[in-house]
Amino acid sequence: MRRASGIFDTSYIQDMTIFRTKYYSAGLAILILFFFILPVFVKDFWLAFISSTAVTVIALQGLNILSGYCGQISIGHTAFMAVGAYSSTILAVQFGLPVGLCMPFGGLGAALIGLLFGLPSLRVKGYYLALTTIAAQYFIIYLIKTPFSEITGGAIALHVPTLKIGSFEFQTETHFYYFVIAMLLLMTFFAKSLMRGHIGRAFVAIRDNDIASEAMGISLYKYKLMAFFIGCFYAGIAGSIWAAYSRVISPDDFTFMGSIWYIGMLIIGGAGSTLGPFFGAVFISALREICVIVGPYISSMIPQIGAQVSASLVEMTFGITIILFLVFEPRGLSHRWEILKESYRLWPFSY
Amino acid sequence: MITFVQLLVSGISVGFIYGLIAVGFVLIYKSSQIFNFAQGEMVMFGAFLVWSFLNLGIAPALAILLVLAVVGLAGYGLERFPLRPMIGQPILATIMITIGIGIFLKGLALLLWSNNIGIKYPDLITEKTISVFSVPISNVTIGIFFFGLILVILLSLFFNHSRTGLHMRAAAESHQLAQSMGIRVTQAIAQSWAIAAIVATLGGFLLGYIRGIDFGLIDIGLVGVAAALVGGLESFKGAILGGVIMGVAQTFTGGYIGYGLKEVVPFLIMVLVLIFKPYGLFGLVKIERV
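As they're listed, the protein sequences go chains A and B.
In terms of this note's numbering, the first sequence is numbered consecutively and its last residue is 351.
In terms of this note's numbering, the second sequence is numbered consecutively and its last residue is 641.
Hints listed in this document are in silico derivations from the structure and should not be mistaken for laboratory results.
A hint or two may mislead.
[Claimed, not checked] Just a few of them, taken from the derived set where beta-carbon distance is under 7 Å, the chain A residues facing chain B:
1) I73
2) V93
3) Y128
4) T132
5) Y138
6) Y142
7) A311
8) S312
9) F318
10) V327
11) P330
[Stated by the list, open to error] The following label-pair restraints were derived from C-beta to C-beta distances:
12) L185(A) / F627(B): 42 to 52 Å
13) G469(B) / R247(A): 26 to 36 Å
14) P441(B) / R345(A): 27 to 37 Å
15) I501(B) / A155(A): 32 to 42 Å
16) L116(A) / L505(B): 40 to 50 Å
17) L116(A) / I353(B): 34 to 44 Å
18) D570(B) / K43(A): 35 to 45 Å
19) F8(A) / M532(B): 54 to 64 Å
Just so you know, these numbers come straight off a predicted model, no measurement behind them.
Think of the CB as a built atom: it goes at the ideal place given N, C-alpha and C, for glycine as much as any other residue.
Kindly generate the complete structure, drawing on both the sequences and the hints.
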C-alpha cells in the first residue's frame with residue numbers, strides 16, 4: 001500500500017499501523033461522531049436500516065474470516081446464526097439470565113457447533129466442503145424444528161426477553177442503534193486485529209495453498225478448526241444480537257437462501273478485506289430496499305404479472321449483480337475503493 | 352412386508368429421478384470442473400416451464416419436446432455468458448456464478464408463476480393400482496421407474512457410442528489434449544450444459560408429476576447434487592446409484608421415522624460418505640501436488 005507523498009515507513013510496525021497518519025484517526029473520529037449524533041436527525045426507518053445492516057456486517061465479518069481469509073467456503077452461515085440466536089434465547093428464557101449476558105454464550109455455542117461441522121474440512125475441501133456446510137444448514141434447522149422443539153418452540157416463533165444491561169432496558173430503536181453500532185465497532189476491531197497477526201497470516205497461507213502451507217509448518221488441523229471457531233462465533237454473536245433486536249425468532253428467519261445472500265454480499269463487497277463486509281452489506285441492503293420500493297410501481301403498471309413482483313425483482317437483481325461482479329470485478333467493491341484511494345493520492349499524476 | 356416392498360419400489364423410482372439430476376450435475380463437472388449449484392433451480396424452472404407449455408393446448412408429447420428444445424438452447428447459451436470467463440477462476444467464484452444463475456432463475460420463476468400455487472400437471476395417464484407379486488403398486492410409480500430406466504440407458508448409450516459423446520468425454524479428460532486433437536472444447540462444454548438443462552427439466556417434470564409443482568423442487572434438486580457426490584463425481588453409474596440410495600433412504604425414513612428427517616437424510620448420508628470416502632463410491636482418488 002502506498003502512502004501519501006512525504007510519509008515513509010521505516011519499520012514494520014509503522015508499515016502495519018492501521019492509523020498511520022493523523023488524517024486516518026481524524027476520519028475515524030468524524031465517522032464515529034457522525035453515527036453518534038445521527039439519531040437526532042433521522043427517522044426510525046433509517047435507524048432500523050442501519051441497525052439491521054450492522055448486524056449483517058457482524059455476521060459477514062465472521063464469514064469473511066472463514067471464507068475470505070481462510071478459504072473454507074461456508075454456505076451454511078445463517079444456520080450458525082440460528083444456533084447463536086436460539087442458544088442465547090434459551091439460556092435467557094430457561095435460566096432467567098439477562099439477555100446481554102447470554103450473548104457471548106450464544107456466540108460460544110455457535111462456535112462449538114461450527115467446530116463440529118468444521119471437522120470434515122480436515123478431509124475434504126473446496127466444493128465438497130461447501131456441500132457439507134449446506135448439509136449443516138439443513139441439519140441444524142431440522143434439529144431446531146423437530147427433535148428440540150420442546151425448548152425451541154419448533155417451527156413456531158420463540159419470544160425473546162428484553163435486552164437489559166444493568167438496569168437499563170433497550171426499548172426504542174435509538175437504544176438498539178447505539179448498542180448495535182458499539183458491538184459492530186468492537187467486533188470489527190477484533191477481526192481486524194486478529195487478521196493482522198500470525199493467525200491471519202496462517203489463514204491466508206491455507207487459503208492460497210493448504211498443502212504448501214502444511215509443508216511450511218502451519219498446522220492445518222489447528223488453523224482450519226480455529227477459522228471455523230472464530231467465523232461461527234461471529235455468526236452466533238450476530239444471531240443473538242438479531243434475536244434481541246427482533247424480539248421474535250423462528251427457524252424461517254435462518255434459511256438456506258439467507259446463507260446464499262451472505263456469501264453473495266461477501267463476494268460483492270470483496271472477500272479477504274475488513275472493509276469488504278461493510279461495502280457488501282450496505283450495497284445489497286440498499287439494492288434490496290430499492291427493489292422493494294420500486295416493485296409495487298411495476299406491478300401497478302403491468303398488472304398481469306405475478307403478485308410477488310418485489311420479491312422476484314430482489315432475487316433477479318441480486319443474481320445479476322453477483323454474475324456481473326464475478327465477471328467484471330471479482331475482487332469486489334473494496335478493491336475499487338483501494339483503486340480510488342490510490343488515484344486520489346496520486347492525482348493529477350497517474351504514476 | 353408389503354409396505355417395505357412398496358417403499359422400496361417408490362424409493363427406487365424416485366431414486367432414478369435423483370440419478371437423472373445427478374447425471375446432469377456430473378456431466379457439467381466432468382466437462383468444465385464447475386459445480387452447478389443452480390441444478391435445483393433448473394429442476395424447478397423446468398417443471399414450471401413444462402406446466403406452462405402443457406397448458407398451451409397442443410399435444411402433450413409435442414409440448415414436452417418443445418420445452419426440452421427451449422431449455423437445451425438456453426443451456427447452450429449459458430456457456431457463452433457467464434460461464435466461459437469463469438474457467439480457471441478460484442472455487443469461490445465458480446460456486447457463486449452458478450448460485451447467481453440459480454437466484455436469477457428463481458426470481459424469474461417468482462415473476463412468472465408466483466400466482467399459480469398448488470398446481471399439478473394434467474393427468475397424462477390414468478392412475479390405477481396394480482398388484483405386482485401381490486404387492487399393490489401405483490402404475491404411475493412403475494411408469495416413472497421404466498421412464499427413468501430408459502432415459503438412463505439412452506444417456507449412457509449416447510456417451511459411450513456417439514461421436515458427440517466421445518468428444519465430451521475427451522474434453523472431460525483434459526481440455527488441452529482434446530483441443531489438440533481437433534475437438535472444440537467450448538462446444539463440448541456448451542453441449543454438456545444443454546444436456547444438463549434438458550435432464551434437469553425432465554427430472555423436474557417427473558418429480559412435479561409425483562408431488563405437484565412448487566418452489567420446494569429447488570431443495571429436491573439439491574438432493575440430486577448430494578446423490579452425485581455420494582456416487583463419485585467422475586462416474587455416471589455412480590450418479591445413478593447415488594440417486595437410488597438417496598431415494599430409498601428418503602422413502603424409508605419418511606415411511607418409518609418421520610417427515611422432518613426425510614428432507615435431511617440425503618445430506619447426512621452425503622456428509623458421512625464425504626468423511627469416510629471423500630471422493631464418493633466410484634470417484635477417482637486424486638493425488639494433489641504442490
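Structure-based check of each hint:
The interface hint given for I73(A) holds, since its Cβ lies 6 Å from the closest Cβ of chain B, which is under the 7 Å cut-off. Because the closest C-beta pair between V93(A) and chain B is about 23 Å apart, greater than 7 Å, the hint is violated. Evaluation of the Y128(A) hint against chain B yields a held restraint, the C-beta minimum of about 6 Å falling below 7 Å. The closest approach between the C-beta of T132(A) and any C-beta of chain B is roughly 5 Å, which is under the 7 Å cut-off, so the hint is satisfied.
Look at Y138(A): its Cβ gets to within about 5 Å of chain B, closer than 7 Å, so that hint holds up. The criterion of a C-beta within 7 Å of any C-beta in chain B is met by Y142(A), whose closest approach is roughly 4 Å, and the hint holds. Given the 7 Å rule on beta carbons, the hint for A311(A) holds: about 6 Å separates it from the nearest Cβ of chain B. For S312(A), the interface hint holds, since its Cβ comes within 7 Å of a Cβ in chain B; the closest pair sits about 4 Å apart.
Of the supplied interface hints, the one on F318(A) holds, with its beta-carbon coming within about 6 Å of a beta-carbon of chain B, less than 7 Å. A distance limit of 7 Å between C-beta atoms decides the matter here; for V327(A) the minimum to chain B is near 5 Å, and the interface restraint holds. Hint on P330(A) holds. Least Cβ distance to chain B is approximately 6 Å, under the 7 Å limit. For L185(A) and F627(B), the Cβ-Cβ distance of about 44 Å falls inside the hinted range of 42 to 52 Å, so the restraint holds.
Separation of G469(B) from R247(A) is about 33 Å and conforms to the stated range, judged on CB atoms against 26 to 36 Å. Judged by the Cβ atoms, the range 27 to 37 Å given for P441(B) and R345(A) holds: they are separated by roughly 29 Å. At roughly 40 Å, the beta-carbon separation of I501(B) and A155(A) lies within the given 32 to 42 Å, and the hint holds. About 43 Å separates the C-beta atoms of L116(A) and L505(B), a value consistent with the hinted range of 40 to 50 Å.
Taking the beta carbon of each, L116(A) and I353(B) are about 40 Å apart, inside 34 to 44 Å as hinted. Checking the proposed 35 to 45 Å range against D570(B) and K43(A) shows it holds: the Cβ atoms sit about 39 Å from each other. Between F8(A) and M532(B) the Cβ separation comes to about 57 Å, which falls inside the hinted range of 54 to 64 Å.
In this structure, only the earlier hint numbered 2 is contradicted, and the remaining ones agree with it.
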